[in-house]
Structures are given as structure tokens and as C-alpha cells.
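Undergrad: Residue numbers (this note's numbering): 1372 to 1795.
In case anyone wonders, no lab produced these hints; they're calculated from the structure.
Just so it is clear, CB atoms sit at the ideal spot from N, CA and C, and this is done for glycine as well.
Keep in mind that a hint or two might mislead.
[Claimed, not checked] Under the rule of at most 27 Å between Cα atoms (straight-line distance), these lysine-lysine pairs were calculated in the DSSO-like manner:
1. K1569 / K1512
2. K1498 / K1512
3. K1722 / K1654
4. K1441 / K1502
5. K1740 / K1714
6. K1567 / K1512
7. K1721 / K1793
8. K1652 / K1714
9. K1502 / K1568
[As the list claims (entries may be wrong)] Distance ranges between label pairs, derived from CB positions:
10. P1736 / Q1577: 34 to 44 Å
11. S1646 / K1567: 16 to 26 Å
12. K1724 / K1605: 23 to 33 Å
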Amino acid sequence: MSLELLIIMLVQVGSITLGVGFLADLLQSKSYLFFCLTSTCVYLFLYDHIDIVASILLWSTLCLIIYFIKNNGHIAFFYPSLTLFIYIFSDSLSDYLYSVFDLSLSIFRQFAFGVCYFWIITYCIKKFLLKRIVYEEERLKIASYIFAFTTVIYFSIICADRFPILKRHIAIANELFMIIYGVMSTLIFITLLWMKKKEFETREQQKDLQHLIEHSEQIEKSYAELLKFKHDYKNILISLEDYIQTNDMEGLQTYFYKSIKATETIFDKNNLHMSSISNLKIKELKSIILSKLYMASQKGVEVRVMIPEIVTHIDLPAITLVRMLGIILDNAIEESELIVEPKIDLMILKKEKHHSIILINQCRPNMPKLHEIKQINFTTKKGNQGLGLTNLDELVRSNRNVYLETEIAEKQFTQIITVQEKRE
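Between the sequences and the hints, there should be enough to build the whole structure, so can you do that?
TA: Here it is in C-alpha cells:
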């Protein structure tokens, strides 16, 4: 082996091993740097004896080292495969530019350009793309499969080309690789579409939730203004009453007591009692409560909310809480439409190690049995297909710290969702 070739191979292997360390943030590890030095020496020794197999062993060893350090199989395949892919691409780019521009460069200078391209591309990928892939589990899985599979195909083709005994299988192997690669590409494309769909749905849910929060804040503000107006209006009535009495305006007094003062009772008939909602500091939960119960009050349902203590956190994802509460509120409102004097009471009680969400609504005397209500597609409305309490049960089962109690007694339908604090 000539000195020039030895230097080229030394820089080549060193660039690949250091490139993996650079992408994986391992260059500060003395043990990894020692591995780079050792693997380079071993590779130079083995390459004279086993040719391309030495490169396969180097890639495999890099995968194992990254796995032991990062303890993640996808990352273990991703970094070495990506680095090798970048190096092959950089080397091919150097050869392409050399041939297109008909440059008169020595092999050593051409190789040097390839190494420069390699480090430029590696730096750009780490700075602009790597975090978007590594920190997203699904993207990391797909990327690791793509680059690992591409590496395997590359090594297989090189082996078939290097060893004469395998040349008669090259045609069959190429066809097989094309089929496998086509299938893998199709599966990856379908997976990417599915991921994009999920991302879109998540963004839409977040937008809807944000709109719901804004709407609830507006309702809460309007409700506070209404309470203030009620107080001010009563004071106005008292002032007018005193004015009229002191001026002895008999006709105006009669008009006042029969017409104006009588309107004081209008506000006392308000069926929306939820001033304590201000104690609930979880915006997502407050929004669904305000939105649903305000709608119920518009339908003539007497609504009462009791949250005696400030609640800032319930140990359950906000989306899950919103879904659970949305289901039981919808069921309560739906049942209230069938009652003459409907009432809905909602309580959120804070205990030492758990929170309880209690919803009580009036129900019909001939209310269906509990096991019937929980059947899939059960609903009291004709033409509608509801999921009843089935979805709620599934949400409860999927969260170990959540318990659901349901009771039908004395024309009341009671549901209690208990959320225990998770142990650290």
C-alpha cells in the first residue's frame, strides 16, 4: 500500500468516525475518541485482507458503539448510516465535478475536495436539519430505516461487484433490490402521508382548543360584567326610590313600583350560577365548562357550578380532561332537554391526593339502565348515532390514575371522575 493511499484511507476512516461523533455530540468523550483511533488502525490492517468486509465491520461497530452510548436502536442505525451516506454523496459529488469541469487534479487533491464537501454537508445537516429529525420519534424511525436500508443495499452491490464469484448473481440481486427498495419507498411514503395527516389533525385540534379558550374568556368576562351590572342596577333602583319618595310624586311612584322596580326580579331569575368558575385556572377545562354550560342555560337549564378552592393543575393531559368532560356535559345537556325543570350541578373538589369532578343532572323516571346507556351508538335522539359512555370508559381505562363512578338514583344521574396524583 502506497503512502498516498494510506493517507487517503486514514483520512477517510477518520472523517467517518469523527463525523459520527460530531453528529452524535460525542467528540468530547475521550473513550469515543480512543475508539476512533483504534478503529482506524484496525480498519487499515483488515482492509488489505478482507476488502469491503472491513467497511461493513466498521459500520456495524459504529452502530454498536452508538447503541451502547445512546441506548436507542434507531439512533444507533441513524448516525453511522447517515454519516456513511454523506461521505458517499460527497465523494460522488467530487468525482462528478471533476469530470464535468474536466479538472486536472491529482487523486489526492480530488479526495481532499471530497472531504471538504463531506464536512460542509455534515455541518449544515447538524445545524439546520438534525434536531428536527432526532427529536421527533416518528421521523427518527423513518430516517433510520431509510439510511440503514440504503447502506445495506450499497454494501451488497459493492460486494457483488468486488467478488467475482458473486457477479453471476448481480442481475438477480439488482432486480431484487429494486423490488425491495420500491416496496420500502412506498411504505415510507404512506407513513409520511399518515404522519402529515396526524400533524394536521393535531394543529387543527390546537386551533379549536385555542378558539374555545378565547371564547370561554369572553363568556367569563361577559358574565362578570353582568354581575356588576346587576349590582349597579339595584343601587340605581334604590336611589330612584328614595328620590321619588322625597319628592312625593304619587304618579311617578305608582309607575316606578309597578313598572321599573318590578324589573329587579328579572335578574333574580337568572339560571346561570357559576361565579366560582374563576377558581378554575386550567384554561382548557374552564373553556369547555363555560361553553357547554352557557349553551345549556340558553336552553333553559338551571346551571350551578361549585369550585370552592383554586384548582391550578389536575394530573391528566388537558386534551383527555376536555374529552371526558365534553362527553358527560353533552350527555347531561341531551338528557336535560327531555326534563320539565332541568338542572345541572357541576363540582370540582380538590383533595390532598386527588381531584374529583362531579356532575349531577336531572333525568327521566324511565331512564334506561346503566348497561344500556354504555352500549355503543346509544343515544336518546332519533336519527343520531352517539357513542354514549363508551368513549368515556375507554378514556378511563387508558389512564391508570383515573376512576369513574356512575349512579342513577332518585331522578338524578350522577357521574364522578376522580383523578389521582401520579407518584413521582
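Undergrad: Could you run down the list of hints and mark each one as holding or not?
TA: Against the structure, the hints:
In summary, the hint linking K1569 to K1512 is supported, as the alpha carbons are separated by about 16 Å, within the 27 Å threshold. For a cut-off of 27 Å, the pair hint linking K1498 to K1512 stands: about 20 Å separates their Cα positions. As the CA atoms of K1722 and K1654 are separated by approximately 20 Å, the hinted pair is consistent with the 27 Å bound. Of the pairs offered as hints, the one joining K1441 and K1502 holds, with about 15 Å between alpha carbons and a cut-off of 27 Å not exceeded.
The straight-line distance between the Cα atoms of K1740 and K1714 is roughly 21 Å, inside the 27 Å bound, and the hint therefore holds. Using a Cα cut-off of 27 Å, the hinted pair K1567 and K1512 holds, with the two alpha carbons roughly 15 Å apart. Note on K1721 and K1793: the hinted pairing holds, with a Cα-Cα distance of about 15 Å set against a maximum of 27 Å. Of the supplied pair hints, the one linking K1652 and K1714 holds, its CA atoms being roughly 25 Å apart against a limit of 27 Å.
Between the alpha carbons of K1502 and K1568 the distance comes to roughly 21 Å, so the proposed pair stays at or under 27 Å and holds. Between P1736 and Q1577 the beta carbon distance is about 43 Å. The supplied range of 34 to 44 Å therefore holds. Between S1646 and K1567 the Cβ separation comes to about 45 Å, which falls outside the hinted range of 16 to 26 Å. Between K1724 and K1605 the beta carbon distance is about 43 Å. The supplied range of 23 to 33 Å is therefore violated.
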